[in-house]
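Participant: This is what each chain is made of:
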Amino acid sequence: MTTTICGRCKSSGAVTDHQGRQDGAVVWTILRCPTCNFSWRDSEPARAIDPAVRSADFAVDAGDLQRYPKILQQ
Amino acid sequence: MNDLPNRARSISSLRDFLELLEDSGQAITWSDPVMPEPGVRNIAVAASRDANGAPAIVFDNITGYPGKRLAVGVHGSWDNIALLLGRPKGTTIRELFFEIAGRWGDQEAQISFVPEAQAPVHECRIEQDINLYDVLPVYRINEYDGGFYIGKASVASRDPLDPDNFGKQNVGIYRLQIQGPDSFTLMTIPSHDMGRQIMAAEREGVLLKIAVMLGNHPGLAVFAATPIGYEESEYSYASAMMGAPIRLTKSGNGIDILADSEIVIEAELQLGERELEGPFGEFPGSYSGVRKAPIFKVTAVSHRRDPIFENIYIGRGWTEHDTLIGLHTSAPIYAQLRQSFPEVTAVNALYQHGLTGIISVKNRMAGFAKTVALRALSTPHGVMYLKNLIMVDADVDPFDLNQVMWALSTRTRADDIIVLPNMPAVPIDPSAVVPGKGHRLIIDATSYLPPDPVGEAHLVTPPTGDEIDALSKRIREMQLGALS
Chain A
1 MTTTICGRCK SSGAVTDHQG RQDGAVVWTI LRCPTCNFSW RDSEPARAID PAVRSADFAV
61 DAGDLQRYPK ILQQ
Chain B
1 MNDLPNRARS ISSLRDFLEL LEDSGQAITW SDPVMPEPGV RNIAVAASRD ANGAPAIVFD
61 NITGYPGKRL AVGVHGSWDN IALLLGRPKG TTIRELFFEI AGRWGDQEAQ ISFVPEAQAP
121 VHECRIEQDI NLYDVLPVYR INEYDGGFYI GKASVASRDP LDPDNFGKQN VGIYRLQIQG
181 PDSFTLMTIP SHDMGRQIMA AEREGVLLKI AVMLGNHPGL AVFAATPIGY EESEYSYASA
241 MMGAPIRLTK SGNGIDILAD SEIVIEAELQ LGERELEGPF GEFPGSYSGV RKAPIFKVTA
301 VSHRRDPIFE NIYIGRGWTE HDTLIGLHTS APIYAQLRQS FPEVTAVNAL YQHGLTGIIS
361 VKNRMAGFAK TVALRALSTP HGVMYLKNLI MVDADVDPFD LNQVMWALST RTRADDIIVL
421 PNMPAVPIDP SAVVPGKGHR LIIDATSYLP PDPVGEAHLV TPPTGDEIDA LSKRIREMQL
481 GALS
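Chains A and B, in that order, give the protein sequences. First residue of the first sequence? That's 1 in the UniProt record's numbering, and the numbers climb one at a time after it. First residue of the second sequence? That's 1 in the UniProt record's numbering, and the numbers climb one at a time after it.
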């Protein structure tokens, strides 16, 4: 099932970037979260993409994106 | 296959190399249906368990990517590296090391230029409605990666402040995360050539164009990852090290690229912009953090007809990353050390890009190996990467860990250890106190010279040589014969 809730930061509004087809039928969809940039395929195992079961160690805090450092500063 | 050296020198593309590998039983085609996740990862990991003999795997039936081809593990075993160097399967790592070290500085570069219209890489061209997902059968390399990564891209660029200088063109391997249909982030650090170029372009407000080459001459993938001087051309270096010509052409955005690559993505840096990137399962076997990285906009894509997307499995070792860069991390350190200390007899920096290195040396005087270790830390690669150094005598093969453990067990005293605190460290070393800063360890496992009062023990000298080799072979044959 395709959901537009991000498995990583739980924001809504994911956009569809691509659909894979096999014999004319859509077999999976690649989505991207505009908040945290997580990209995923809706056919992936739940532990990688389902916010209900995905490891919290790899969550991104959508409310505090400032905490992530910027590389190559002058 | 007596013509292996000539055959290796005649390779000009990934396709040529895959053909050579296939003829040698070192490439297989995976035609059963496979899901991008977790199928491709599972198969790549299973193959990389065999560091000595794993074949390259070409997938041609990935679900949702009909007609597309993906290659992994092209440099995924020592046998594949041996064939690239014109040596037979079964060549030892030590022999491969000396094959590389012997080529250092020995050959002339042979560079030729092919008109764009005749370059295979430009057979197909996309300039409108670019969607990288239409071209590349991507998959999540490790399960908590932040997105779909291109892990084996050779990125070519010109110095933005000296764009006409051939030598200052940079070719390096950087990880790229696809950020929507026509954008990607590139991860680098200020000390890498690409990091320098991005910072220079942003400081001066000038355009930085790059060409991302995928599915390349297998020699470039090896040598573009080798730390050489900023003003040395990686193309010239790769050609010299292969002892073979390299064919270049121009990308649509004016950068010198390999004429026979499978795919080239042309892109422009978005000055000053940063996007969230990562995590990515990196070579120390742990995930990088999430950071804001420079972003590039794709302006065009060229590719051969029916292109092969080449990617890599990288993560907790042993992986293709280790066989791809291990020897070519070790050989420059060896060459640079020998300029000061010809007593150095071999360098093994295979482990996690040299986070641990083993150096064999003929001790000139008591404590000499420690001096050599300190010199190793000041080589270009040593500055950031050589974290743990084990020094052994010349009678120990640093590529044979059983011998190294013997030296550690019998020749190391607890006070033969030096800890250098608060040194530079590669930011993704998970043991660093803070990213970019950590401690160094030198273990002197060499024997004792005067004025040390102990001296060398009376060593057992097991028989070696042709007679023992022949006996070993006969035992093996008898063992195999017992099965038939």
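What the hints contain is simulated information worked out from the structure, not anything from laboratory work. Any given hint could be a false lead.
[Claimed, not checked] Keeping only pairs whose Cα atoms sit at most 20 Å apart, straight-line, the calculated EDC-like set for lysine to aspartate or glutamate is:
id, chain 1, residue 1, chain 2, residue 2
1, A, Lys-70, B, Asp-400
2, A, Lys-10, B, Glu-202
3, A, Lys-70, B, Asp-162
4, B, Lys-297, A, Asp-17
5, B, Lys-68, A, Asp-23
6, B, Lys-68, A, Asp-57
7, B, Lys-168, B, Asp-134
8, B, Lys-89, B, Asp-400
9, A, Lys-70, B, Glu-275
10, B, Lys-89, B, Asp-3
[Stated by the list, open to error] Distance windows between CB atoms, simulated:
id, chain 1, residue 1, chain 2, residue 2, range
11, A, Ala-52, B, Pro-115, 55 to 61 Å
12, A, Ala-52, B, Trp-104, 53 to 59 Å
13, A, Val-53, B, Arg-9, 35 to 41 Å
14, B, Pro-451, A, Gln-74, 51 to 57 Å
Quick reminder that beta carbons are idealized off the backbone N, C-alpha and C, glycines included.
Participant: Does the structure break any of the earlier hints, and which numbers would those be?
Facilitator: Violated hints: 1, 2, 3, 6, 7 and 13; rest satisfied.
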